[in-house]
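K.L.:
For this one, chain A is given, so just place chain B on it according to the hints.
Each chain is listed here by its residues.
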Amino acid sequence: MVEAAPDRSRPVPGILTFIAADIANFILFFGYFMVERMAQPALFARSAALLDIRLGLLNTLLLITSGWQVTLAVEGARTGHMPKVRRHLLCAIAVGLCFGVVKGIEYATKIAQGLTPRTDAFFTFYYVFTGIHLLHYAIGIALLVATFVRARADRADPGFIDWTISCALFWHMVDLLWIFLFAMLYLQGAR
Amino acid sequence: MTCPNGPTAIWVLLLLATLAGFGGAGAAGWGFAAVMLAATVKAHLVVRYYMELRAAPMAWRLLFDGLVGLSGALITALHFLD
Chain A
1 MVEAAPDRSR PVPGILTFIA ADIANFILFF GYFMVERMAQ PALFARSAAL LDIRLGLLNT
61 LLLITSGWQV TLAVEGARTG HMPKVRRHLL CAIAVGLCFG VVKGIEYATK IAQGLTPRTD
121 AFFTFYYVFT GIHLLHYAIG IALLVATFVR ARADRADPGF IDWTISCALF WHMVDLLWIF
181 LFAMLYLQGA R
Chain B
1 MTCPNGPTAI WVLLLLATLA GFGGAGAAGW GFAAVMLAAT VKAHLVVRYY MELRAAPMAW
61 RLLFDGLVGL SGALITALHF LD
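Quick mapping for you: the protein sequence lines, in order, are chains A and B.
Quick note on UniProt numbering: the first sequence kicks off at 1 and runs consecutively.
Quick note on UniProt numbering: the second sequence kicks off at 1 and runs consecutively.
Same shape as in the complex, but just chain A (with noise of 0.2 Å):
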């Protein structure tokens, strides 16, 4: 892959700062249940154990396949290109979508299994954590919904692409604190 040199002449988009902000806030979190881990590793790995990873990996994927798509729906703002924009928007909410279905299916099965945020030190951690992240991506949705109503013009708008990039930038955060919950959270055994 050939590394973009910097370009100066773009500025950078405000929400960056915002995104920054989260992510380190994210990472107090991911301190946070660590240390707690290691005051109960037993208990942890045995309540981690008790969650489906295979729903986990295929949320995974939808996440990073709903970003995939999102890039191509920037490149189509730039080039001004609104069915590509409208095309890869729809497929980026769609498969997007099928994360909260997966999502509400695992909860729905965990509270059945009587497994909830008073069961121990793990799920608490567990639902408030990917209940945090659902937040976020429940605004990263909205965003994508608002880009795809403001994209149904045959000309984009002004400020139209700083908006798409911006909501982009949002929806890669959503993806991006997904990945690191799911290898704490899913893929952590006990030494």
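Covered by chain A, according to a simulated footprint, are these stretches of chain B (three or more residues, beta-carbon under 8 Å):
| # | region |
| --- | --- |
| 1 | 14 to 21 |
| 2 | 37 to 43 |
| 3 | 69 to 80 |
Some chain A residues flagged as far from chain B (calculated, every beta-carbon gap over 10 Å):
| # | residue |
| --- | --- |
| 4 | K84 |
| 5 | L97 |
| 6 | V102 |
| 7 | E106 |
| 8 | L115 |
| 9 | T119 |
| 10 | F123 |
| 11 | F125 |
| 12 | V128 |
| 13 | D154 |
| 14 | D157 |
| 15 | G159 |
Selected chain A positions facing chain B (Cβ under 10 Å, derived; list incomplete):
| # | residue |
| --- | --- |
| 16 | F26 |
| 17 | G56 |
| 18 | W68 |
| 19 | L169 |
| 20 | L176 |
| 21 | L177 |
| 22 | F182 |
| 23 | M184 |
| 24 | Y186 |
| 25 | A190 |
These are computed hints drawn from the structure, not numbers from a lab.
Here the structure is a predicted model, which means the values were calculated and not measured.
Just so it is clear, CB atoms sit at the ideal spot from N, CA and C, and this is done for glycine as well.
P.N.:
Just chain B now, kept in the frame of chain A:
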């Protein structure tokens, strides 16, 4: 190295890294370190290519590379301390 189709090539790499990381599910110790390495590489790809920070000024690239590296290193280091 050339990239025939940027976003699609990155998507394929992300899928492969996800499946590679999944192969280490439930692993501990160095096995989990490998899982976290795969996760960190994926996050790096998202930052550089999906978020297009490869074209951003150096300070922004360093900030996001630092956040991604810190996330992976923190989880891995604390895993070894339990």
